[in-house]
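Construct all of the structure, not just a fragment, from the sequences and the given hints.
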Amino acid sequence: MSIVELSTETLPGVAISGLTIAYRTDAGELAAVSDITLGLPAGTITGLVGESGSGKSTLALSLLGAVQKPGRVTAGSVVIDGIGDITKLDEHALQSVRGAQIGYVFQAAQNSLNPLKTVGKQLLDLGRSHRVKDLRGLLREAKVLLSRMGLAAERVLDSYQHELSGGMRQRVGIMFALVLNAHLLVLDEPTTALDMITQANILQIVRDVHAERGLTTLIVTHDVGVVAEVADRMAVMYGGRVVEHGQTMEILGAPRHPYTRGLISAIPRLTGPVDAAKPLPGTPPTLGTIPRTGCVFRQRCPLRMEICDTVAPAMIGGVACHAVNETEQL
Amino acid sequence: MIEGRGITKTFASRGGVLGSQSVTALRGVDFLIPRGGAVSFIGESGCGKTTLGRILAGLETYDGGQLIVGDTDLSTLKPKAREPHFRRVQLIHQDPYSALNPTRTIESTLRDPLRLRAAQTGKPASWVASQTEELLSLVGLDPSYVLPRYPHQLSGGMRQRVVVARALTVEPEVLVADEAVSMIDVSLRLGILGLLRQLRETLGVSILFITHDVATARYVGADGELYVIYRGQVVERGPVETVLADPVHPYTQCLLSAIPVLHGLERPGEDRLVPKEPLDEKMEPAGCLFAPRCPFATEVCVSERPVLGRLGGTPQHHACFFPASRHVVATPLR
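Those protein sequences? They're chains G and L, same order as listed.
The UniProt record's numbering applies: residue 1 is where the first sequence begins, and numbers increase by one.
The UniProt record's numbering applies: residue 1 is where the second sequence begins, and numbers increase by one.
Do not take every clue at face value.
Restricting the straight-line Cα-Cα distance to at most 27 Å, the calculated cross-link-like pairs of lysine-lysine (BS3-like) are [as the list claims (entries may be wrong)]:
(1) G/K143 / G/K121
(2) G/K143 / L/K276
(3) G/K133 / G/K121
(4) G/K143 / G/K117
(5) G/K88 / G/K69
(6) G/K143 / L/K80
(7) G/K143 / G/K133
(8) G/K117 / L/K282
(9) G/K117 / G/K133
From the derived model, a few chain L residues whose C-beta atoms are all more than 12 Å from chain G [said to hold, decoys possible]:
(10) R189
(11) L203
(12) A222
Partial list, computed: chain G residues near chain L (C-beta under 10 Å) [to be verified]:
(13) T25
(14) S57
(15) D195
(16) M196
(17) Q199
(18) V227
(19) E250
(20) G253
(21) L263
(22) I264
(23) D275
None of these hints come from the bench; they were simulated from the model.
The beta-carbon is built from N, C-alpha and C at its ideal position, and this holds for glycine as well.
Following this line, the structure appears as structure tokens:
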């Protein structure tokens, strides 16, 4: 629980421990997230990387206590400083912490605004639903945030969704997440569907706003490049498990888990030999095909051993791999 | 071989409270893709690159210029007579799920165009079955696994391979790949890109690769040409490796600077550039289209529009009054 001790009053840290989230399906209850223990140290940006079906979005939603049925938390806890274990809160309590303490920018935030209301109207709705008495103050805060992100605040508040570009909508999404003064910010695929220049701009904004407002930030993405640009720390998910986590620079410079290694060497680069990029054989598992026992990555793993078929590797020193743990202990 | 000369396209939008407006998507684009060659178009969203791909595939008309497929100038033909030529160009777009009929098995998806082809060319029915299997093997799929399945039973990467196999049923000369891997899982992307590269070699298919992800363009066609398109105008073009190492147009430099740096593995380029302003599509500058956002714009840039021309005696072309090489791309640490 060292993460909790580190944090101060204004900076919430997050301690996820033994978290398992399962979805009820025709084939029984299947775990999308299995036994994850991960800390988001207060004041840091953590990048959560994974492919489709890795469970990264489900994990992110659990920070908001918003895992949708037929999914449910079957074990473990998500303790957020100043709030407590979010998995134990009732709907009423959740409503008051969402937005006010935890800001969430949804995947495809570009399309998550109400097309029939101006941004300003939606802001007032948000204020009322959180019983904000000083609505003028809320508008003022929204304008400060929008201008900070390089937008003409008045114009944006008077605009409908379709009048804004993808990059502008994404910034409006960040404004909504932070306007009630949340200090824990979760962004799910914040730059997917944006082009490179807009993406670079949004990532710069995330970095700046994070530092200026003293946030604890989690960015969920499939793009290692995004994590490399903004995140201090990263966690790599595969088949519902975190297989490696640590400092971003260290992992990128010297990845240890065979999946992380494969993922990084599968990124085509702009310089150096073209064929330095190597494809990762096989296909990532879906909810129905995640192995129930043993290591989730073994079918694609070049280091597979006998034990991998039966025993799920424990997370030791930031990596969950039998082969790596064995060689590193020698 | 496919060639475009001065292709122009303007979209007119009628009505709306603001009255009629028009958007110029392409302002006289020239390009040439040799047999088995690759040309990549990169640019921001709205730059016209997708429109160009759709024009090549016959899904969109063009207003002016010439489009030459093989040895046929399509602009001299009546629209009806163009159709068989457009079959020689097949489009692969970003979403392999919406590109396949969800109620048909892969077998049925592939057999129909092949049957038609067999009927046209007088091939026996047995050819259809053997060709189906051959095409699937060519795109790296196991026919016995894939044929009886529906699209939803396959992964995104497998679906995109099926889309490629279907495009190959008509023996196209050109594949237009528009963001073909942007919706594919990261660990599977390289496989699709490698497949496109392999088709160039084995079948002599030419590839027009449209993307905002420059590194994927380099993987498919490092030996080809890179075209940088901005608001419908090609502002820089040249051999891929040259443009990446020594871009001379400030827009290319901004675009390449925006690519994330893998800190820990790479060192950022020392001259990284950021545009002064966001793109305002409503503004139609009299001078250089990029001048309002360019950190180096001068008076002449605001009043006159530069045209694409050669950089000295090199194969590199640019449309800038003040071309200057800047190092913006990250370099590997070791």
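These are the hints, each one checked on the structure:
1. G/K143 / G/K121: holds (14 Å)
2. G/K143 / L/K276: holds (22 Å)
3. G/K133 / G/K121: At roughly 16 Å apart (the allowed maximum being 27 Å), G/K121 and G/K133 satisfy the hint.
4. G/K143 / G/K117: holds (18 Å)
5. G/K88 / G/K69: holds (16 Å)
6. G/K143 / L/K80: violated (55 Å)
7. G/K143 / G/K133: Within the cut-off at roughly 18 Å; holds.
8. G/K117 / L/K282: holds (24 Å)
9. G/K117 / G/K133: It holds: about 21 Å lies between the C-alpha atoms, which stays within 27 Å.
10. R189: About 7 Å separates L/R189 from the closest Cβ of chain G, which leaves it inside 12 Å; violated.
11. L203: Given that every Cβ of chain G is farther than 12 Å from that of L/L203, nearest at about 20 Å, it holds.
12. A222: Nearest chain G Cβ is 5 Å from L/A222, so the label is violated.
13. T25: violated (15 Å)
14. S57: violated (14 Å)
15. D195: Because about 4 Å separates G/D195 from the closest Cβ in chain L, which is inside the 10 Å limit, the hint holds.
16. M196: OK, holds: G/M196 within 10 Å of chain L, min 4 Å.
17. Q199: Holds. Min distance 7 Å.
18. V227: Result: holds, 9 Å to nearest chain L Cβ.
19. E250: At 7 Å from the nearest chain L Cβ, G/E250 passes the 10 Å test, so the hint holds.
20. G253: holds (4 Å)
21. L263: This interface hint holds because 6 Å falls under the 10 Å limit.
22. I264: With a closest approach of 8 Å, the G/I264 hint holds.
23. D275: holds (9 Å)
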